[in-house]
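Chains as they are written, first to last, in numbering that gives the first Met the number 0: chain A, 0 to 434; chain B, 0 to 311.
By construction, these hints were calculated from the structure, which means they are not laboratory data. Every residue gets a Cβ at the ideal spot worked out from N, C-alpha and C, and that includes glycine. Incorrect hints may have been included.
Residues of chain B clear of chain A, computed beta-carbon distances all greater than 12 Å [stated by the list, open to error]:
| # | residue |
| --- | --- |
| 1 | Pro58 |
| 2 | Val70 |
| 3 | Leu162 |
| 4 | Asn163 |
| 5 | Asn224 |
| 6 | Thr270 |
| 7 | Ile274 |
| 8 | Ala279 |
| 9 | Val280 |
| 10 | Phe299 |
Example chain A residues on the side facing chain B (calculated, C-beta under 10 Å, incomplete) [said to hold, decoys possible]:
| # | residue |
| --- | --- |
| 11 | Thr69 |
| 12 | Asn74 |
| 13 | Glu81 |
| 14 | Ala88 |
| 15 | Ala112 |
| 16 | Gln168 |
| 17 | Thr171 |
| 18 | Pro392 |
| 19 | Glu431 |
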Amino acid sequence: MRQEKNRTRRRPGAVAAASLGLASLLLSGCGPANSGVPTLTWYINPDAGGQAAIAQLCTEQANGEYRIETSLLPNDAAAQREQLARRLAAGDDSLDIMSIDPPFVPELATFLAPVPEETAQATTENTLEGALQGAMYEDELVTVPFWANTQILWYRESVAEEAGLDMSQPVTWDQLMEVAAAQDVELGVQGSQAESMTVWINSLIESAGGTILENPEAEADEIELGLVSDAGREAARIIGTIGDEGLGGPGLATSTENTSLTLFQGESGSFMVNYPFVWPATQGAVEDGTLDQSVLDDIGWALYPRVSEDTETAPPLGGINLGVGAGSDNPELAYQAIECIVQPENQTEYFLTNGNPPSNSEAYEDPRIEEQFPMADTIRESLEIAAPRPQTPFYNEISSGLQQTWTPPDEVDPETTPEESAEFITAVLRGERLL
Amino acid sequence: MKANGKNNRNNDYSDRARAERRLGWMLAGPAFIIMLAVTLYPILQAFFDSLYAFRLTAPDEREFILLQNYVTILSDPVWWRDLWTTVLITIVTVAVELVLGFALALVMHRALKAVRGWLRTAILVPYGIITVVSAYAWFYAFDISSGYVNSWFDWVPGIDQDLNWFAQASTALPVIMASEIWKTTPFISLLLLAGLAQVPDELTEAAKVDGATWWEQMRKVIIPNMKAAIMVAVLFRALDAFRIFDNVFIMTNGQYGTEVLSLLAYRTSITRLEIGLGSAVSVLLFVCVLLISFVAIKVFKVDLAGTTGGKR
């Protein structure tokens, strides 16, 4: 798609000449080469077509001022980061608009065009607090929040009822572990050596009153980690206990968000921490006939569990922000397009069609949302209090270091893991160790 | 160019031979230059980059550190663990493939003419499958939540419904190696079949007449006569196995002690964007590959020139 655009810019004659075969086929897919109308390329993460639909809508609303073409990034967030970072570092001028995962914002911030004051005001007026935090770096808005994601606690009502848990009140990890052990059911958590592990550790440490990274703005060799602390040890105790006692099932060490969902939908499902995609996915499975309606009817939801009764919960934060490449030929137009893309009504529509929750509180007011996502209020509340992962340009090192030292869960030990992990990550950041 | 100088080496050749040489260079020259551009240039660039502390997302902080990256890598247990894993995979897979491949080659060699074509096609099927696809197939077969291996084979001691194959190296590596063996044994068997076909029938007939048993014929006639084919097969597969990537990437992504050197190079350069450190890992990997080639060619005296008309 990008190549196509460049071709139309540089060699319009060649495109016109390619009237037969594959070239014309490609052209018909990408639309005609409009002369004079600037084309903005929006690098999108894979979804169910929602971003392409918004691109189409905003192109129509622009009345010929610009047109937006979408270009697909790889499937997982880490691979998306890799591609964006390589293109940005190489000065690729096609990066007009990018869909960026919040933890990668600081690393890419130096390559982004500054957000104009009026765009910042127009797009963040009603943004939920967690989502706004994830779009900022060094107290400055460097990306525009588009949609926000968070994990909530999903539970089987039958299990909670049998355990006598009052799910209208905050629940703790210890309560969940007790129920799982007593009823011989399994907890849906993600123990794989992947980003989901960092997400879990961060929420546990934040909920225990600590933080993974003490000084987010420090250089690599001056970074101080908060792992060796009561909060770090408490997080290790919870993960270690779930692993050691087999409360997450035999597949815990390789469990991802999708495998957790499969476990949760199964006979030994009980509680699960996961993103809102599980709701449309479960509904889809029931419609397809692969899952019984009774499973769907048995599902309840609550805020993410807290570490102890007297601390607050700190749910994980995800989602997508929009950034503009510093090398873009049309940064003003790109920000204009972003203002169109993130309009609350587009966010609402995106939630309804693709299941990705809005970052703007106003977007939740549409009555269709409550109908389709009865847990929308819980999601919104979770996004208000969600805790971003460490916001540093060295996030990747910290995250990979945590993943390597806090897995498999059954080997996590509160006495040794936080310390070993901190030493390892510090050595990696200083360039003394391989990762 | 005229050959009129006494010291001119071209004097040794006739006009026709010189013209042929010139034509040879003209025909092969462009390919040679392209080969240099696509292989030598990146190798030199990687070596150059490996002398710097250089992170792609912080181009301004690029710093010349001489061989510090190499010191860091070679003093790190991760490098040695990954090297050991890679060597283990190489030795086990090549050894098993060699035995299996030889057996298959014998079957193909002895097969009736009527079924020989079909047999070769059937044996080659796994090799025709893209590695990533076969890696996914093996992954989904053994995965604890989607796989069928645990439920089909739970009567085998050591396998039960709760066995998470990819959660530790001791079970993940055998699956990775099995998939590698399944995928590339056909290749080695084809190479060995070509070697078998080159053993003159008169020799085996003579051995039979002399009363040699099947094993003696193998050991004293057939195997020594196809030594070059065996060594080429071992060398090619050893180099391939040492650079294993796809299978590990798909099945475990290197977690729980299953990381190999190519994956380490990939993660350092591409995931961490540490161009300097990643280049140093790549250069070391390249040196390992060179070493394997050197050992195979010199120590085992593989005659690679044999296929192009003999040694000069």
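Could you tell me which of the numbered hints above are not met by this structure, giving the numbers in increasing order? Structure breaks hints 1, 2, 3, 4, 6, 7, 8, 9, 11, 12, 15, 16, 17.
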